[in-house]
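*Asks:* One-letter residues, chain by chain:
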Amino acid sequence: MSPLSRRKLITGGVVAAAGLGGAAAATRLAERYGLIPPDSGVVWGAGETLTYAAQRLLTTHAPARQFPRSMISKTPFMNEVAPPNAMYKTLQAEGWPLQVDGMVAHPGPFSLADLHRLPIHNQITEVACEEGWSYVAEWIGTPLYEVLNVAGLLPQARYIVYYSTDKNVWDSIDMADALHPQTLVTMGMNDGDLPLGFGGPVRLRVPRQLGYKSVKYLTRLTATDDLKKFGKGLGSSSPEFGYAWYAGI
Amino acid sequence: MSPGSSQDQPEAPRHSAVLRITHWITVVAFLALLVSGCEIVVSHPRFYWGEVGNDWTRAAFTLHIPASRDMVPTGYGYTLQDQNGWSRYLHFEAAWLAVITGAIYGIWGLWTGHFRRNLLPEKGTRSFGAVWREFTKPFRRGARGDAGSYNVLQRTTYLFVVFVVFPMMIWTGLAMSPAFTAAVPESVILLGGRQTARTLHFLLTIFLVLFLVVHVTMVATSGFRSRMRAMILGRASKRRKNALEESPAIAARDITREVRGPVVSPMAEEKLS
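Residue numbers (this note's numbering), protein chains in the order written: chain Z, 3 to 251; chain W, 356 to 628.
Derived from the structure by calculation, the hints contain no laboratory data. Hints should not be assumed to be uniformly reliable.
Unchecked claim - Over 10 Å on every C-beta distance to chain Z, these chain W residues come out as not near it, computed from the model:
id, residue
1, S371
2, W379
3, M426
4, G432
5, H469
6, R495
7, R496
8, Y513
As the list claims (entries may be wrong) - Which residues of chain Z face chain W? A few of them, derived with a C-beta cut under 8 Å, are:
id, residue
9, G49
10, E82
11, P85
12, H123
13, L212
Yeah, the Cβ is synthetic: ideal placement off N, Cα and C, and Gly gets one too.
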C-alpha cells in the first residue's frame, strides 16, 4: 500500500501544482485579453467567465443572424412599459439630446436630428428575451460606432455604459459589441418611427445578446476603461437584480 | 468459497475511478440543470415551432402551470416569484460542468475501450429479436438476468443517452444563444429555428427525466446498496464477491439476501471495470 500511496501523493501533488499554476496563468492571460466579465465575482462567476471568454474567442466579429422581410413578425411582442416619466417628457421636448461623454475627445449631446444625419442602416434581426419568447423586426438607425467616431472615442476606452430614462436601468457592453456594425442606435422599426412600447424614440439594439441588453429610451452613452466606477461595479443594473451582465449566453 | 479467492488481494473494481467520478459530477450537474431549467420554463411555459413565438402568437403546446410573468396568459389569476436570475446563472454554470465532465468521460471511454467493451451491444445480441427477448424477460417465468454484464437493452439505452440525447441537449441549448448562432448560424438553421430548438430542449429534458426514473428504479430493484457501493467505492463487499464466486445464478435468485445485507446482483463485477 505505502509505495503506491506515496506515488499517488507525488503524482497528485504535481497535478495539483500544475493545475494551480495553469489556472493562475490562464487568469492573467484572460485579464489581459479582456475575457473576464465584470460580474465574474458573483456566486456564479465561474460559469459566466467561461461563457464570456468562450464567446469572445469565438464570436468577436460574427454578425447576428438576419432574416428575410417575409419573416418579420406580424405580432412583435411588447413588454408592458411604464408611462413616460418627467425625464422622458423633458428630453422629448428638447429633441431628445443623447448625451455622449467619458473617454471621448468631444463630449456633447446628439439630438435626434443629429443622429438622423449620420449614416442610416437597417437590419432584420430577432429579439430574444431571457424568458424564452422572441420576434423578428426590422430596426433602423445609425450604428453606435458612427456616433462614437464623431464623438472621438479614445483608444483606451474598453466599455460603453448606457442609460435609460428609468433610473434603475443602465447597462454596458464591451468594445467587441460596441463597435460591432449591427449594434444600432435605433430610431425606427418596420418602416416607421420606433414606437414608445419598443423603446422609442431611441433604443440601443444589441442583436447578439438577449433582449434586456437592448435598453429602451436611451439617454446617455459613457465611454470608460473601468466598470468598477459604475453602480456596484458589476457592469450593469442586471447583476444587481441577479441577472448576468453578458447576455450572449 | 472458491479456492482462488484471497482476502489480501484487492478486488477487481467494478467501475473505474474515472467513471465513478464523472458519473456523480454528472448527477450534480444534471439536477442543477433540471431545477434551474424548470425555473426558467416557469417564466414562459409556452412552446412553439419555428423561429419566433411569443404571447401573441399561437403556441404548439402550453404547460398548464402559473407563470412568473403577468403578461403570459396562463388562466391563473396570479404569478409566481421571478427566479430567473440565479436560475440562468446556475443553468449555464452547471452546463459547463456537465459539458467538461462529459468530454472527460467521452475521451476516457474511447481511449480505454469502455464504450466498445461495455456499451456496444455484444455480437449475437444485435437484433430486434434479442432486444425483444431482453425486454420481455421480466415477464417470462424462469428467465433470469445474465450474469455477465450490461444486457442489450441497457447497452442500447446508455449508448443512446450518451451519444444522441446529451449531444442533442448541448446542440439545442447552443442554438438558443444569440452570440453562438451568430458565429455558427447552421446550429439553429438545421434545427428549424430558435423556438424549435427551445421546444426540443424541453422535450429532451422530459426524455432524460424518464431515463432517470427508470435508471434509479432499476438500481433500486436490483440491489440498491450494492449498486450504490459499486458506483461510489468501485467495488462490492467481500461477502458479495465471495457469493458471486460460489454461484452467480443461485446468488442472483436469492432475493432475500437483500434484506439481510450486501446483495448479489446478476451483473458480474470484473467485466464492468
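*Asks:* Does each hint fit the structure? Answer for all of them.
*Replies:* Against the structure, the hints:
1. Remark: the non-interface label on W:S371 is consistent with the geometry, its nearest Cβ contact in chain Z lying 15 Å away (cut-off 10 Å).
2. Every CB of chain Z lies more than 10 Å from the CB of W:W379, the least distance being 19 Å, so the non-interface label holds.
3. A cut-off of 10 Å between C-beta atoms contradicts the statement that W:M426 is not in contact with chain Z; the least separation is 6 Å.
4. For W:G432, the non-interface assignment is confirmed: its Cβ lies about 17 Å from the closest Cβ of chain Z, beyond the 10 Å cut-off.
5. For W:H469, the condition that its CB be more than 10 Å from all CB atoms of chain Z holds, with the nearest at approximately 22 Å.
6. At the 10 Å boundary, the C-beta of W:R495 stays outside the reach of chain Z, the nearest C-beta of that chain being 46 Å off.
7. No beta-carbon of chain Z is positioned within 10 Å of the beta-carbon of W:R496; the least distance is around 48 Å.
8. For W:Y513, the requirement that its beta carbon stay farther than 10 Å from each beta carbon of chain Z is met, with the minimum near 27 Å.
9. Look at Z:G49: its Cβ gets to within about 3 Å of chain W, closer than 8 Å, so that hint holds up.
10. The restraint placing Z:E82 at the interface with chain W holds, with a minimum CB-CB distance near 6 Å, inside the 8 Å limit.
11. The interface hint given for Z:P85 is violated, since its Cβ lies 17 Å from the closest Cβ of chain W, which is over the 8 Å cut-off.
12. The criterion of a C-beta within 8 Å of any C-beta in chain W is not met by Z:H123, whose closest approach is roughly 17 Å, and the hint is violated.
13. Hint status for Z:L212 relative to chain W: holds, with the closest Cβ pair at about 6 Å, below 8 Å.
Checked against the numbered hints above, the structure violates hints 3, 11 and 12; every other hint is satisfied.
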